[in-house]
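Q: Using the hints, position chain B against chain A.
Number of protein chains: 2
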Amino acid sequence: MTEQLDAIASFEQSLAECADKVTVVLDKFIPSAIGPEAQLMRAMRHGALAGGKRLRPFITIEVGRLFDAPEKSLLRAASALECVHAYSLVHDDLPCMDDDDLRRGLPTVHKAFDEATAVLAGDALQALAFEILANTETHGDAGVRCKLIEVLALSSGARGMVGGQMIDMAPSFDDKDALNILARMQRMKTGALISCAAEFGAIIGGANEHEHQALAGFTTDLGLAYQIKDDLLDVQGDEAVLGKAVSKDKDAGKQNFVSLLGEESAISRIEMLADQAKQHLSVFGGRATTLTQTVDFVLDRRH
Amino acid sequence: MTEQLDAIASFEQSLAECADKVTVVLDKFIPSAIGPEAQLMRAMRHGALAGGKRLRPFITIEVGRLFDAPEKSLLRAASALECVHAYSLVHDDLPCMDDDDLRRGLPTVHKAFDEATAVLAGDALQALAFEILANTETHGDAGVRCKLIEVLALSSGARGMVGGQMIDMAPSFDDKDALNILARMQRMKTGALISCAAEFGAIIGGANEHEHQALAGFTTDLGLAYQIKDDLLDVQGDEAVLGKAVSKDKDAGKQNFVSLLGEESAISRIEMLADQAKQHLSVFGGRATTLTQTVDFVLDRRH
Chain A
1 MTEQLDAIAS FEQSLAECAD KVTVVLDKFI PSAIGPEAQL MRAMRHGALA GGKRLRPFIT
61 IEVGRLFDAP EKSLLRAASA LECVHAYSLV HDDLPCMDDD DLRRGLPTVH KAFDEATAVL
121 AGDALQALAF EILANTETHG DAGVRCKLIE VLALSSGARG MVGGQMIDMA PSFDDKDALN
181 ILARMQRMKT GALISCAAEF GAIIGGANEH EHQALAGFTT DLGLAYQIKD DLLDVQGDEA
241 VLGKAVSKDK DAGKQNFVSL LGEESAISRI EMLADQAKQH LSVFGGRATT LTQTVDFVLD
301 RRH
Chain B
1 MTEQLDAIAS FEQSLAECAD KVTVVLDKFI PSAIGPEAQL MRAMRHGALA GGKRLRPFIT
61 IEVGRLFDAP EKSLLRAASA LECVHAYSLV HDDLPCMDDD DLRRGLPTVH KAFDEATAVL
121 AGDALQALAF EILANTETHG DAGVRCKLIE VLALSSGARG MVGGQMIDMA PSFDDKDALN
181 ILARMQRMKT GALISCAAEF GAIIGGANEH EHQALAGFTT DLGLAYQIKD DLLDVQGDEA
241 VLGKAVSKDK DAGKQNFVSL LGEESAISRI EMLADQAKQH LSVFGGRATT LTQTVDFVLD
301 RRH
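Protein chains in written order, with full-length UniProt numbering: chain A, 1 to 303; chain B, 1 to 303.
Isolated chain A, as found in the complex (with noise of 0.2 Å):
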């Protein structure tokens, strides 16, 4: 029991590690706030600073030291996939799109500053994330950083992020096809970027064939895991600890993984993908432990 929480502790404290190195990564590469484009720099600081469990990056480094790949380009790849999911929060909540006033217990961007700087902070820290993944200090091998450049930019594009954010603005779902389409949408919305974040461990670690496999499906399980998860807080999750809102998919009218497959059975298929999750990781044994503590404390998480 206490090596158990022994453990508990230990992961936390290398999950906290790890968000504060990245907040010093995009701390430097955001432009200080000076000249008459100042608010800018500000919102992007706002966006992208304060807060937030930095999973993906954390993901990413300890894919990485499945392969003893040099942190530094670790670290600079994790930010830049940061900063594309911190401006995919800053352009999701924007009133013309999920209308969120709080996000990680602070005013969301527009709320902080207005709507024309939220989208301008996000556009900017788009560019940043390409921006650091083709410095040469992120990567010796150019052919290394371009083909991060280009994962980067297929998970988040039309095909991946942004299309699946386009698939939940939709009015709602044909019955029928309620659970495909909801899949679909999770694969593009979140699920392209938690693979990302392992491709780009395996990317820099030089990982072989079969072990690109391996953490795709260990993704795609913990994905979709992620995401039902996320359904089960928005029904039984507290505001004050979520630091969001609540409830938001009924109140919207939405269809989400437990409105369609009711509680008891959202519960149960979470823990089905954590256990298939784990199975992927084993063909990297004992080396790959705090990947797996990464599953349970995703789906154990209360916010």
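It should be emphasised that the hints constitute simulated quantities derived from the structure, not laboratory data.
Treat the hints loosely; a few may be bogus.
All copies of an identical chain are treated as equivalent in the list; a pair is satisfied when it fits inside any one copy or across any two copies.
Computed list of lysine-lysine pairs in DSS-like fashion (alpha-carbon distance at most 30 Å, straight line) [claimed, not checked]: (1) Lys28 - Lys278; (2) Lys147 - Lys72; (3) Lys72 - Lys248; (4) Lys111 - Lys278; (5) Lys250 - Lys111.
A: Using the frame of chain A, we list chain B on its own:
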């Protein structure tokens, strides 16, 4: 006289051919409009394929020709740049930004679709730009591809185009600094991407330091002349010919080069900049004839 008319006709034909080729590349790269996210692709097409002079791509291709650079690489890079230009127009037209209903004689993306779709289409077009540049077929040398990506990210990000747009959103400038701030805004908002266009051709063409400098001087002068001309058209232009609203700055109580300098002084400034821009091209001798014509085209245009 006939010779001059022939030269203009030939120039305009080159420009139109370049525009068509860029449209073909973009049409190929924007995913098909299928699946529940199909509206996103339709909006991307509306924003990126419907008209436009394609002046930036033309500059990339003509600069590249100075160095006998491979056309496929130039065209891909030019199309990526045009994606960024197109996304910026889609976002600039949003109600929370310039709030425009008309662009190139057609409804703007948020008018033809809705605001959420316009935000997402812009985001996806930005990702597409970097996807195109990272693609191995764009250039065989990954170092060249990374350099293009870095230049585009810097030109379009917080210290470039988006930063310039942030300045443009500021309520008004201090009177004594107005011309300085306006010049900074122009260099960032429109100048950076025009400079990027020439830089793309120079990078792919393997220009030396001296040539890079000459081209940077050329685009700095051309970009500023272009903006002053734009401000003149906003005052003098015809909405039907322009395909967009006129007197926008005046109606919005915004300063521009014409309001600050006066029409006469603005016109002589344009002429001076045009001469300077052409001077910078002298290092390339007769090979730069088309780029020289570009200066005249930009400054004689009525839209």
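Q: If a hint holds in the structure, say so; if it does not, say that too.
A: Hint check:
Taking CA atoms no more than 30 Å apart as the test, Lys28 paired with Lys278 passes in neither setting, with 35 Å inside one copy and 39 Å between copies. With identical chains, the CA atoms of Lys147 and Lys72 are at most 30 Å apart both within one copy (17 Å) and between copies (20 Å). When the C-alpha separation of Lys72 and Lys248 is checked against a cutoff of 30 Å, the pair qualifies neither within a copy, at 39 Å, nor between copies, at 48 Å. In this assembly of identical chains, Lys111 and Lys278 lie within 30 Å of each other by CA distance neither inside one copy nor across copies; the values are 40 Å within and 47 Å between.
Taking the shortest alpha-carbon separations for Lys250 and Lys111, both the intra-copy value of 23 Å and the inter-copy value of 29 Å come in at or below 30 Å.
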